[in-house]
Amino acid sequence: MRISTLLYTCKQGFKNIFRNKMFSLATIATIAACVFLFGIFYAIVVNVQQSVRAAESSVAVTVFFDEGLSQEQIMLIGDEISKRPEVASVVFVSAEEAWDSFKVDYLGEYADGYEGDNPLEGSENYEIYMNDVSKQSSLVSYLETIDGIREINRSDATANILSNINTVISYVSLAIIGILLAVSLFLISNTVAMGIAVRREEIAIMKLIGAKDFVVRSPFVIEGILIGLIGAALPLIALYFIYSNLILYVKDEFAVLDDILKFMSIEDFFSRLIPIALILGVGLGFLGSMFTVHRHLRV
Amino acid sequence: MISLESVSKSYANGVPALNDVNLNIEKGEFVFIVGDSGSGKSTLIKLLLRELTPTSGRIIVNDYDLSRLSRRKIAKFRRSIGVVFQDFRLLKDRNVYENVAFAQRVIEVPTRQIKQNVPAMLSLVGLAGKYKAKTRQLSGGEQQRVALARALVNNPPILLADEPTGNLDPRNSWEIMKLLEEINKRGTTVLVVTHNREIVNAMRKRVITIRKGVVVSDEEKGEYIDED
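As given, the protein sequences belong to chains A and B, one line each in that order. Numbering-wise, the first sequence is residues 1 to 299 according to our numbering. Numbering-wise, the second sequence is residues 1001 to 1228 according to our numbering.
Everything hinted at is true.
Subject to a maximum C-alpha distance of 25 Å in a straight line, what follows is the list of computed DMTMM-like cross-link-like pairs (lysine to aspartate or glutamate):
id: 1; chain 1: A; residue 1: Lys251; chain 2: A; residue 2: Glu267
id: 2; chain 1: B; residue 1: Lys1134; chain 2: A; residue 2: Glu201
id: 3; chain 1: B; residue 1: Lys1073; chain 2: A; residue 2: Glu201
id: 4; chain 1: A; residue 1: Lys212; chain 2: B; residue 2: Asp1065
id: 5; chain 1: B; residue 1: Lys1178; chain 2: B; residue 2: Glu1198
id: 6; chain 1: B; residue 1: Lys1076; chain 2: A; residue 2: Asp213
id: 7; chain 1: A; residue 1: Lys212; chain 2: B; residue 2: Asp1093
id: 8; chain 1: B; residue 1: Lys1130; chain 2: A; residue 2: Glu201
id: 9; chain 1: A; residue 1: Lys212; chain 2: B; residue 2: Glu1051
id: 10; chain 1: B; residue 1: Lys1092; chain 2: A; residue 2: Asp213
The set of hints was computed from the structure by calculation and includes no laboratory data.
Let's have the full structure, built from the sequences with the hints guiding it.
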């Protein structure tokens, strides 16, 4: 393609947006609605996942050691456990730290009577945190094979609940993405059908004059991409304000949920959403315009 | 230049539009194709533009065998044919200059050449002073001149005109026919499909009459023959 033709094509693509204002507005609105719905849903999914992940990271398996085990042997066991792929971190808790923590959690002022005494002597342990709580059973099976471990405390119920929540979120995500995609395609195909009437004559003239398919298609595709970009940018701006204000509102009004709800920062959220939304918007615009023109190229 | 050998065309519903048509049109000829509505004239134009393919027979236009023409070569073939329609088919949201330049843009003529060709063509059809006007601001005759300029700007050896005066008053009709005659004198082969008896009889050109898909007469300096 000549540079002059390329420039002309780009210019026509841009001008087409203003030539068919109603069609352009309808398409932008359709794409914006799809991207907006996607953005809302995406915000819900990533934040629920973030909260679940935060909850998962606090679930630990605790192992206690046989009496008389040396510090060196305990360190060796710790090194072995750390090498497991499902293990995120291993924290050693000495008997003193365990007793201090117990006093704070359960005894409060009544702990004074135990001055100089540690009822939890010999209860030094490892708290093992996992990357994926669903692997807890396999980790426990492994720990049971290690010599020198006297007892293993596991939290099956919590691990199962979190694991189930993750599975449900995955299925719900897939279902909603499927529904959103179907709704988007339905809306886009209707908008495209409206645009076909506007385009039919122009495409037919180009074909009868002897334009190649590529030249016929290009201005419409450029128009589609530009409309897709605008259609994606508008809901992104709206989502930015909604998301940032919603976080502040929930934190202010529902401070009690602070430990449960772990919001993704606005920077992290938008660094993920922007590329996805732009690809979605441009993709819908591109496919819509290709589909429109393709139906009329066989003149 | 244009040759049809035993060409027949039937549509999907089985209705025959053309039946065993044989025609030969030489370079530089001016030919009228006449016939009543439904006689097969429009089907003939569509076959010559390769919008349709014949059910049987062979069509050769400008050395292109249209029955064997691949989809990829259709664009190149169509550049050798200029075409005007009864309803003008102009881009209503663009001005006169842009409508004519459009024909050159889409076949990738360099901008510098477009800037020379378009004003020259607008001068030929008498619209040099209206190059900035939107086509909807023009009269029917002027719109058909723009369509003519667009059809000719790529310098095609053949011009097909499908009812070019169908939407025009007698004065404008004559002006368009004079333009077509002038274009023909410059060497372009002109094929005009028309209903206009007065023009056909006055111009004394070759007249091919089609009736119910069959060529019933083909006469040099012919006249419009009414259906009995």
